[in-house]
Amino acid sequence: MAIESEVLVVGGGLAGLTSAIAAAREGADVRLVSYKQSTLRHASGLVDLLGYTPDGEGPLTDPYAAMADLPASHPYRTVGVDTVREAMSMFDEVTDYEGGHTDTNALLPTHGGTVKPTARYPRGAAAGIASDDRDVLLVGIEEMTDFDAPHAAAHLDAAGVPFDVRGETIRFPGDLRADAKVTRYAKLLDTDGEVAVRGRKRPAREALAARVNPLIDDETRVGFPSILGDDHADEVRRDLGERLGADVFEVPMGPPSLPGLRLEDALFEALDESGASFETGNPIVDYEGEDVIERVFMEKNGARIPLSADQYVLATGGLVGKGIESDREGVVEPVFGCHVPHSDDRYDWFDTDVFGDHPFAGFGVETDADLRPLAADGTVEFDNLRAAGGVLGGYDFAAEKSGSGVSIATGYAAGTSAAAEGQ
Amino acid sequence: MSDAQSPDFDPVEPNTGEDFEPVEVFPDSDDFDLRPGADSCYKCSTCDTNCPVAEVDDEFPGPKFQGPEQWRLKQTDDDYEIDDSVMSCSNCMRCDNACPSGVPLSQMHNTARGEYVSEQMDKLSVEYVRNRILANYRTSAWFASKVPRLANFAMNFGPARWVMEKTMGITSERDFPEFAQRTFREWWADRGGADASRRNAREARERRGEPAEADKKVAYFHGCYSNYNTPEVGKAMVHVFEHFGYEVVAPEQKCSGTPMFANGMLDDARRHAEVNVSSMSDLVDQGYDAIASCTSCSMALRQEYPELFDIDGIEDVAANTFEAIEYLRIHEDIRDEIRAADVSGDLADEFAYHAPCHARNQGLDRQAVELFRDLEGVGIEDVGESCSGISGTYGWKEEKYEKSMEIGDEMFDHMEHAEGSTGMTECPTCAMQMEHGTGYEIRHPLELLQAALVE
Ligand SMILES: Cc1cc2nc3c(=O)[nH]c(=O)nc-3n(C[C@H](O)[C@H](O)[C@H](O)COP(=O)(O)OP(=O)(O)OC[C@H]3O[C@@H](n4cnc5c(N)ncnc54)[C@H](O)[C@@H]3O)c2cc1C
Ligand code: SF4
Ligand code: SF4
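Those protein sequence lines, which keep their order, are chains E and U.
Quick note on my numbering: the first sequence kicks off at 1 and runs consecutively.
Quick note on my numbering: the second sequence kicks off at 1 and runs consecutively.
Treat the hints loosely; a few may be bogus.
[Stated by the list, open to error] If you anchor each label on the Cβ, the simulated ranges turn out as follows:
{"no.": "1", "chain 1": "E", "residue 1": "GLU269", "chain 2": "U", "residue 2": "ARG132", "range": "35 to 45 angstroms"}
{"no.": "2", "chain 1": "U", "residue 1": "GLN75", "chain 2": "E", "residue 2": "SER89", "range": "44 to 54 angstroms"}
{"no.": "3", "chain 1": "U", "residue 1": "VAL275", "chain 2": "E", "residue 2": "GLY275", "range": "36 to 46 angstroms"}
{"no.": "4", "chain 1": "U", "residue 1": "GLU206", "chain 2": "E", "residue 2": "PRO341", "range": "49 to 59 angstroms"}
{"no.": "5", "chain 1": "E", "residue 1": "ASP327", "chain 2": "U", "residue 2": "GLU315", "range": "18 to 28 angstroms"}
{"no.": "6", "chain 1": "E", "residue 1": "ASP175", "chain 2": "U", "residue 2": "ASP39", "range": "27 to 37 angstroms"}
{"no.": "7", "chain 1": "U", "residue 1": "ASP39", "chain 2": "E", "residue 2": "ARG304", "range": "24 to 34 angstroms"}
{"no.": "8", "chain 1": "E", "residue 1": "LEU319", "chain 2": "U", "residue 2": "THR167", "range": "52 to 62 angstroms"}
{"no.": "9", "chain 1": "E", "residue 1": "ASP96", "chain 2": "U", "residue 2": "GLU398", "range": "41 to 51 angstroms"}
{"no.": "10", "chain 1": "E", "residue 1": "ASP96", "chain 2": "U", "residue 2": "GLU186", "range": "49 to 59 angstroms"}
{"no.": "11", "chain 1": "E", "residue 1": "GLU235", "chain 2": "U", "residue 2": "THR167", "range": "40 to 50 angstroms"}
{"no.": "12", "chain 1": "E", "residue 1": "ARG177", "chain 2": "U", "residue 2": "GLN75", "range": "43 to 53 angstroms"}
{"no.": "13", "chain 1": "E", "residue 1": "ARG177", "chain 2": "U", "residue 2": "ASP39", "range": "22 to 32 angstroms"}
[Claimed, not checked] Reference listing, derived: stretches of chain E covered by chain U, where coverage requires no fewer than 3 residues with Cβ under 8 angstroms from a Cβ of chain U:
{"no.": "14", "stretch": "175–181"}
{"no.": "15", "stretch": "271–279"}
{"no.": "16", "stretch": "297–306"}
Worth flagging that the hints you see were computed from the coordinates, not collected in a lab.
Predicted model only: the values in this text are computed from it and were never measured.
C-beta atoms are modelled at their ideal positions from N, C-alpha and C, and glycine is treated no differently.
This is chain E alone, in the form it adopts within the complex:
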């Protein structure tokens, strides 16, 4: 016996979740299995489609328009612009992200004080958008050294944003420990828990607003690092906004990222609603089959648990997500042993210039038009295996600012196509 389904998705990041949701919505019996938590917790929570061309031109205004000029090997070219659009509209349906009203990129301030072109952004970041001309106050938390508000404000100013921006730093009320976790702040604000201010207990939101209020001049927007609640983030923002008499927004932060975590939660919820099954915590380590994959094995403390399906989607991520592994010998896709094109000479994997054009950034499997991984001789590796997301080659998400977009687009395409064949 084995645990059976029509479509089995391996990997629970943005690509895996999107393909499982897409396949389940097509009516397939879907199961998603994932080892660890995804790289969404490291990412900003912004969904970038295409911010720059591979040659570094940008920021791009219309990412869709630029897709036709991408190299033929690029995943967006593989799935086609129409599919990218469909994928993004499914994403819009299952999340409450903003930005879907237009084709053009939005410009969002980052915690470093740069402005970033992005296609979709969380509702909590919306009031911070850089094309708005209302003045901004950025509020940093002394204990959170990742976000230096005055510094970020100066940077934004130098970038020529169309509004005045100032930064101020406060101590979070209640004197939390110096290395308090983002989840500690979020929980306090979510539950409006009590904090002690000069010996007196006050609700956290009220106490925070009391610290910020005297700092506001005539700014009508106030930005905080993204710590404003988890389960009740909208309510926390609304409440703070009323107390401050200004629109409140969150500036996307580096890891660990609360917006990334919230997005992950929302997608798992959508997956649950779509009727799919899922399981996390244990890796797929092996498979059986020649030209078609018959079943795969999950490893649990030495026990090998068989799972079988008609169609499989490989969404195990790139070098960071451990979907692609490299050592001194070479570069491999470790679960199915799919071919990863790379130079035999290790010294060709990177550019001697640290910020140069590193081939390793684009390492990943090559596929046919239906996203099926190709062997070295150009033949399809397995008839019933498709790949999506970071495990794909042919693009450099960091340089192009295309990471989440490629994961969503290829995840959607792989899931839809697997469902069509798997039923």
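We have chain E; now place chain U with the ligands onto it with these hints.
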């Protein structure tokens, strides 16, 4: 086979470094080794976003500090002593699941806690004595089971509880669990033990059209709780397995050690582990698989024992230990049987299901929900990913009680918003917390499975 094609990749192995052997922590050696995996930590803090204690407790620096950072501090400072905050870690093991580079966090915490308790904690302190009593629940339960009525009365007798809180730091907010009038083992022996089970399983196989000689046999690790407090769970496990044609045995066993790990009592844990591994490994050799109905027990046998102790046969036992329903899902077409079944009567109900942290860690957090959503006559709703907050003995400590309730608050809230007003979970202490926070009655998935397939 594909072995040839997937060369060195072994995402399973926790990252313990080159030739790491489990440390012989007790009794022959007091050399605690915090090292395994520490070097792989790249400080991404993903683990910290999973810690329910760090979320509510200002004093608690979080899993990254408890594990890899304490190790670094020990490297640079010979006199560095384990920080006492490690005693605030509830051993929920949520951080384990998070780390993208495979740092075995809970193993490091267990080791650090063991070192702290063995070398730094005052053995005459109230805290030590209290923790030792809480950790050795089995001993108290054994006494209590001899006089269940008296114990049930005495343990929840107001003035006595007041004294326990004041002198021992055991919260008087909670009701002690009730002791059953007849333990699971008493029931099992009266029923005819393994012989009776063999007969029942054989009949079931004939009824199911399976070969009479089929090799279907399991060794039940019932743990303390389903023996002394909820024998109905143990009975359900036996009935369900026999229904599928499995012969059940109930070998000699002690506490799984879970409460001892959480209190740094590694020598106690080891003593119990040795008995458990020895009786289970003999059976595993004979082709039995070890089955548990409590997810903390299966976690201990599968993961904590091999991580912490070097006991003969433990690797084999670990690889052949399963949670009860998980086992049936792998070996039987349980989904089909459930689709064909329905439930009426007592258990025809809407359930608010909470996945225990230790189930989550074994990848079992979705199992009950996904299985029972096809069952006619019942509804089941996942109440979300929050930790229940009790974490075994953690929520029994007077100084932790409020934090424990604060962690559980999200779960209580979701339970109250759920359709049903009966709770469901695999973990006996989570069940205690669910009941305490909402007043709901709590059932075990095996009881529902029994109602659907056996009754
Ligand atoms: C630090 C950082 C910052 C980023 N910032 C941005 C940003 O601002 N905007 C943007 O658009 N993009 C950003 N990205 C990129 C974007 O997050 C990723 O490209 C995208 O999320 C990748 O998704 P994925 O699903 O392909 O892979 P991942 O998110 O890596 O998920 C892979 C999953 O597969 C699982 N897995 C791996 N091996 C196995 C196995 N053997 N069995 C089972 N499961 C397995 C892993 O545990 C993991 O959960 C960033 C990425 C990083 C690393
Ligand atoms: S998740 Fe792992 S790598 Fe990241 S900080 Fe925690 S232990 Fe270190
Ligand atoms: S085991 Fe639980 S309480 Fe302890 S550090 Fe890890 S997540 Fe926190």
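Consistency of the hints with the structure:
1. GLU269 of chain E and ARG132 of chain U have their C-beta atoms about 43 angstroms apart, which keeps the hinted 35 to 45 angstroms range intact.
2. Separated by about 53 angstroms at the C-beta atoms, GLN75 of chain U and SER89 of chain E satisfy the suggested range of 44 to 54 angstroms.
3. The hinted range of 36 to 46 angstroms is satisfied by VAL275 of chain U and GLY275 of chain E, whose Cβ atoms lie roughly 45 angstroms apart.
4. In this structure the hint that GLU206 of chain U and PRO341 of chain E lie 49 to 59 angstroms apart at CB holds, the actual value being about 58 angstroms.
5. Checking the proposed 18 to 28 angstroms range against ASP327 of chain E and GLU315 of chain U shows it holds: the Cβ atoms sit about 27 angstroms from each other.
6. Distance hint check for ASP175 of chain E and ASP39 of chain U: the Cβ-Cβ separation is about 34 angstroms, which falls inside the suggested range of 27 to 37 angstroms.
7. Against the hinted window of 24 to 34 angstroms, the Cβ-Cβ separation of ASP39 of chain U and ARG304 of chain E comes to about 29 angstroms, which satisfies the hint.
8. In this structure the hint that LEU319 of chain E and THR167 of chain U lie 52 to 62 angstroms apart at CB holds, the actual value being about 57 angstroms.
9. Checked against the hint of 41 to 51 angstroms, the pair ASP96 of chain E and GLU398 of chain U passes, with Cβ atoms roughly 42 angstroms apart.
10. For the pair ASP96 of chain E and GLU186 of chain U, the supplied restraint of 49 to 59 angstroms holds, since their beta-carbon distance comes to about 56 angstroms.
11. Here the CB-CB span from GLU235 of chain E to THR167 of chain U is close to 43 angstroms, well matched to the stated 40 to 50 angstroms.
12. Remark: the range hint 43 to 53 angstroms for ARG177 of chain E to GLN75 of chain U is contradicted by a beta-carbon distance near 23 angstroms.
13. Checked against the given bound of 22 to 32 angstroms, the beta carbons of ARG177 of chain E and ASP39 of chain U, roughly 26 angstroms apart, stay inside it.
14. Only residues whose beta carbon comes within less than 8 angstroms of a beta carbon in chain U count, and the stretch 175–181 of chain E has 5; three or more means the coverage holds.
15. Beta-carbon proximity to chain U at under 8 angstroms applies to 4 residues in the stretch 271–279 of chain E; the threshold of 3 is reached and the given coverage holds.
16. Proximity of the stretch 297–306 of chain E to chain U, defined as three or more residues with a beta carbon under 8 angstroms from a beta carbon of that chain, is established by the 8 residues found.
Hint 12 from the earlier list is the only one contradicted by this structure; the remaining hints agree with it.
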